[in-house]
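Q: Sequence:
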Amino acid sequence: MSIIKKYIGDLFISKRFYLYCGSCILLFILSFFIPILYPPAKILFVVFILIAFIDYFYLFFVTKAPYVKRIISDRLSNGDENVVVLEVSNRMNYPLDVEIIDELPEQFQMRNFSLKKKLAARQVHSMNYTITPVERGQYHFGDTHLYTSSWLGLVKHRFTAITAKEVYVYPSYMQLKKYQIISRTALITEHGGRRMRKIGHSMEFEQIKDYVTGDDVRSLNWKATARKGALMINNYVDERSQQVYCIIDKGRLMKMPFNSLTLLDYAINSTLVLSSVCLKKQDKIGLMTFGNKMGAFIVADRKPIQREKILDTLFNQQTAFLESDFELLYLQVRNKIKQRSLVILYTNFESLNGLRRQISYMRSIAKHHLLLVVFFENTELMKLSHANAQNLEDVYVKTIADKFIFEKKLIVKELQKYGILCILTAPENLTVHTVNKYLELKTRQAI
8 MSIIKKYIGD LFISKRFYLY CGSCILLFIL SFFIPILYPP AKILFVVFIL IAFIDYFYLF
68 FVTKAPYVKR IISDRLSNGD ENVVVLEVSN RMNYPLDVEI IDELPEQFQM RNFSLKKKLA
128 ARQVHSMNYT ITPVERGQYH FGDTHLYTSS WLGLVKHRFT AITAKEVYVY PSYMQLKKYQ
188 IISRTALITE HGGRRMRKIG HSMEFEQIKD YVTGDDVRSL NWKATARKGA LMINNYVDER
248 SQQVYCIIDK GRLMKMPFNS LTLLDYAINS TLVLSSVCLK KQDKIGLMTF GNKMGAFIVA
308 DRKPIQREKI LDTLFNQQTA FLESDFELLY LQVRNKIKQR SLVILYTNFE SLNGLRRQIS
368 YMRSIAKHHL LLVVFFENTE LMKLSHANAQ NLEDVYVKTI ADKFIFEKKL IVKELQKYGI
428 LCILTAPENL TVHTVNKYLE LKTRQAI
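Under my numbering, think of the first position of the sequence shown as 8, with each following residue one higher.
Incorrect hints may appear among the rest.
[Claimed, not checked] Heads up, simulated DSSO-like pairs for lysine-lysine below, C-alpha to C-alpha not over 27 Å straight-line: (1) K343 <-> K316; (2) K172 <-> K13; (3) K316 <-> K172; (4) K13 <-> K123; (5) K345 <-> K291.
Bear in mind the hints are in silico, worked out from the structure with no lab data behind them.
Based on the provided sequences and hints, a complete structural model is requested.
A: The structure is reproduced here in structure tokens:
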């Protein structure tokens, strides 16, 4: 059975073979009407069969299998272009035409993917292609198939390279390289931003120094004073390390797709970038997810490993098709987040009534923390609103789209009325707007 597979199962007929075979058949048909063409037709057919046999013998008994290697990262970035490299080597002293079919994961639904290349004698060539996953999870790459043909091009020999591999698609860690954060203090000040007066006395210790006139006597360090024989005082600075919690809603409204990614994926990608920025700013970053029941929770910390913990946690988060329980969220926030923090809530509201059902819980959270609600514009409605109306039906569609767009603006006003910060943004601009808002709050010392 293996011999049959080796010498027959891996044999494939090319288009050129069918073209030449069809020409012989046509010549035989014409010889019925023009008898003088019959001898040339027989000679041409015999020559054709002989050449095809030579081509078969050359590919199956002389040619060595080309070497192929797939180079791909163990982790892919969701929503970004990831490069896959195929390294192909011709081990013969004569050129070969190679067609490569790489078995892509079923999530891409691509059944006609192939790469073609003519390899010179002893040539090693790298072929690149890009893939853009739009779902997080496990992806299975199959084997790589090479179809080789000689310059005659009548038959093809299939070689199968065992390159099967499992890779994992994580939230978009490539965005970390795209967003090089630059301090926007000058820009914010120019636009009228100002530092807020902080209430209370900061207690982040910096050093012990000699007492000078004007220092707060309440900060005298009596033990250091006794050892040195002179007044010594503790010096404190403004707290530089605040707590930031990203809370991601996994309810049914976060399942809405935009440009192949769900709103949940946009929120996850933004959280990953924001966590990197917070760690650079020496802030503690934490994570909480919720839906109809509570999901993952990571205590805020600023250790370097915190970003990896958040990345691994966000890897398998999925939306549920149920209403999110904001009452349960409030109870968990009160129970688990003891220190006043910046709470960034990624959620979505499509109607003012939907917001009013949950506004009381968000107001309760805002009493104890600085709450920033991030929700999304419906970009499809924006397209309908800006489209030209050609008939009466289009007028109705534009009117309804404008109504829903205006309702989103009313949601912003409703949140601002209760002193809750909010960001209304298109999904593709989510990361930029969220990071800029965080930097603005950081600069104003509002956290």
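Q: For each hint, tell me whether it holds in the structure or not.
A: Outcome of the hint check:
no. : hint          : verdict
1   : K343 <-> K316 : holds, 18 Å
2   : K172 <-> K13  : holds, 24 Å
3   : K316 <-> K172 : holds, 24 Å
4   : K13 <-> K123  : holds, 23 Å
5   : K345 <-> K291 : holds, 14 Å
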